[in-house]
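> So the chains spell out like this:
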Amino acid sequence: MNKFTALYRSSVGKKIIMSLSGLFLCTFLIVHASVNLFLFKGAEAYNTASHFMSSNIIIRLVEVVLFVGLLAHMISGVVVWIQNRMTRPVGYQMYRLKDNTKLSSRTPMLTTSASLVAFFLVSHLLTFWIPTRFGADPKLPYDMVADAFSQSSMAVFYIVAVAFLGFHLKHGFQSGFQTLGLSTNRYKWLIDSVAVIFWLIIPLVFASMPAYFLWFQ
Amino acid sequence: MDFKLKIWRQKNRNDKGQFVDYEVKAVSPDASFLEMLDILNDTLVKKGEEPIAFDHDCREGICGSCGMVIDGRSHGPGRGIATCELRMRVFRDSDTIVAEPWRTKAFPILKDLIVDRTALDRIMAAGGYISSKTGGVPEANSIPVPKHDAEESMDAAACIGCGACVAACPNSSAMLFVAAKVSQFALLPQGKIERKERVLRMVEQMDKEGFGNCSNNYACEAECPKKISVTHIARLNREFIRAELT
Numbered sequence: 005m006n007k008f009t010a011l012y013r014s015s016v017g018k019k020i021i022m023s024l025s026g027l028f029l030c031t032f033l034i035v036h037a038s039v040n041l042f043l044f045k046g047a048e049a050y051n052t053a054s055h056f057m058s059s060n061i062i063i064r065l066v067e068v069v070l071f072v073g074l075l076a077h078m079i080s081g082v083v084v085w086i087q088n089r090m091t092r093p094v095g096y097q098m099y100r101l102k103d104n105t106k107l108s109s110r111t112p113m114l115t116t117s118a119s120l121v122a123f124f125l126v127s128h129l130l131t132f133w134i135p136t137r138f139g140a141d142p143k144l145p146y147d148m149v150a151d152a153f154s155q156s157s158m159a160v161f162y163i164v165a166v167a168f169l170g171f172h173l174k175h176g177f178q179s180g181f182q183t184l185g186l187s188t189n190r191y192k193w194l195i196d197s198v199a200v201i202f203w204l205i206i207p208l209v210f211a212s213m214p215a216y217f218l219w220f221q
Numbered sequence: 023m024d025f026k027l028k029i030w031r032q033k034n035r036n037d038k039g040q041f042v043d044y045e046v047k048a049v050s051p052d053a054s055f056l057e058m059l060d061i062l063n064d065t066l067v068k069k070g071e072e073p074i075a076f077d078h079d080c081r082e083g084i085c086g087s088c089g090m091v092i093d094g095r096s097h098g099p100g101r102g103i104a105t106c107e108l109r110m111r112v113f114r115d116s117d118t119i120v121a122e123p124w125r126t127k128a129f130p131i132l133k134d135l136i137v138d139r140t141a142l143d144r145i146m147a148a149g150g151y152i153s154s155k156t157g158g159v160p161e162a163n164s165i166p167v168p169k170h171d172a173e174e175s176m177d178a179a180a181c182i183g184c185g186a187c188v189a190a191c192p193n194s195s196a197m198l199f200v201a202a203k204v205s206q207f208a209l210l211p212q213g214k215i216e217r218k219e220r221v222l223r224m225v226e227q228m229d230k231e232g233f234g235n236c237s238n239n240y241a242c243e244a245e246c247p248k249k250i251s252v253t254h255i256a257r258l259n260r261e262f263i264r265a266e267l268t
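So the protein lines, in turn, are chains V and A. With my numbering applied, the first sequence has no gaps in its numbers, which climb one by one up to 221 at the end. With my numbering applied, the second sequence has no gaps in its numbers, which climb one by one up to 268 at the end.
Computed list of lysine to aspartate or glutamate pairs in EDC-like fashion (alpha-carbon distance at most 16 Å, straight line):
#1 7/V / 266/A
#2 7/V / 226/A
#3 127/A / 37/A
#4 102/V / 243/A
#5 7/V / 219/A
Ranges of calculated distance between the beta carbons of each label pair, as one might list FRET restraints:
#6 117/A / 204/V: 38 to 46 Å
#7 101/A / 72/V: 38 to 46 Å
#8 45/A / 125/V: 49 to 57 Å
#9 101/A / 192/V: 13 to 21 Å
#10 211/A / 59/V: 52 to 60 Å
#11 100/V / 82/A: 20 to 28 Å
#12 24/A / 98/V: 17 to 25 Å
#13 192/V / 24/A: 41 to 49 Å
#14 40/A / 11/V: 37 to 45 Å
#15 98/V / 230/A: 24 to 32 Å
#16 61/V / 230/A: 41 to 49 Å
#17 192/V / 99/A: 25 to 33 Å
#18 47/V / 99/A: 58 to 66 Å
If you're looking for bench data, these hints aren't it; they were derived computationally from the structure. The C-beta atom is built at its ideal place from N, Cα and C for all residues, glycine as well.
I would like the entire structure built from these sequences, with the hints used as guidance.
Structure (structure tokens):
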């Protein structure tokens, strides 16, 4: 335990926790996006997939790890952000950060995307996860999705939120590997290539569902 | 060339400090930024005013003494140069130039554009050394070093400890500096003896000094006068994980 608290107190340690939890959350996105694709196969396929995800014991156990990972990521993120804000009590008169950094890597962008994704997550869990898991809504999963995304405000909110998720991952994915010390000259190209799956393809898959129900159904 | 300048003036550590406007005329386009300040200081001294205090020594980009934020950039516009290597020709005639000191809690301002960078020295004292017996110079080839490692170590050792990375970082993180110092030793056989303790102690000291957490936005690499690569930060992280796990 002492070793863990020492690790957490250290700046590099906190970042390691952030990167491990963040990269774990990335693997979850693959599973989530793949299951969502059953929506395009029709109501029956999606309802079966959804039932499997909510009843399989392994999935349920991983879900607990997922929540722990999410909490660890959020707490570390907030602590790092607060600590970093305190390091420069007097700011610069002129500070041209945009000459040196990518938009997605700048702190205001990261905090905005993180806050929006966190807000989205709460709303998302309330709309879909709680009714499905705890049976508060007798509707079948497919109908629930179809109903939700038939409201244009909801569909647009989801598309915007996943766009921000993509933005968050544009920085986060490569940052995770850098913090774990894996981003070497030899593997940087590979990390940057795989990153495209996370910041572009997965958000596009997620966005395709509200777009499909809103415009094509 | 003529310039308008907005320069941070601060009497001492406890003074609040403020920007003061100056004008400097007939500066050669080939003058360095520091030479331009010398010219300005001459006129201030002639007028009986206190000259602007700034750090400088070698004036050829190898000592790491000079450094200030010029127009929002560490060491001013341009890549891979220290303030002494910045030439006035990169500005346009009659431009207004803003010059202020490195701003971070870990580098208290001593006077005008001079900051106290001893925090970096204390990080070095915590682990930036190797065990070596004093005495005669050993035979250079008695410890073979692979060419690639020697090159990479030398790239890291190019760090002049100016603090531009800290100044440029939105989090005032000293990770690029510490990474360069950890890397230059970690890559060489002579550095292996204190390998574990070094990274842990230097990171611990870095945190104690009040530098921020690295958020991998790489502003440091872009502003480093010696173009130290952030791959050294990845190596520091690797060394840290290795030291923690083994």
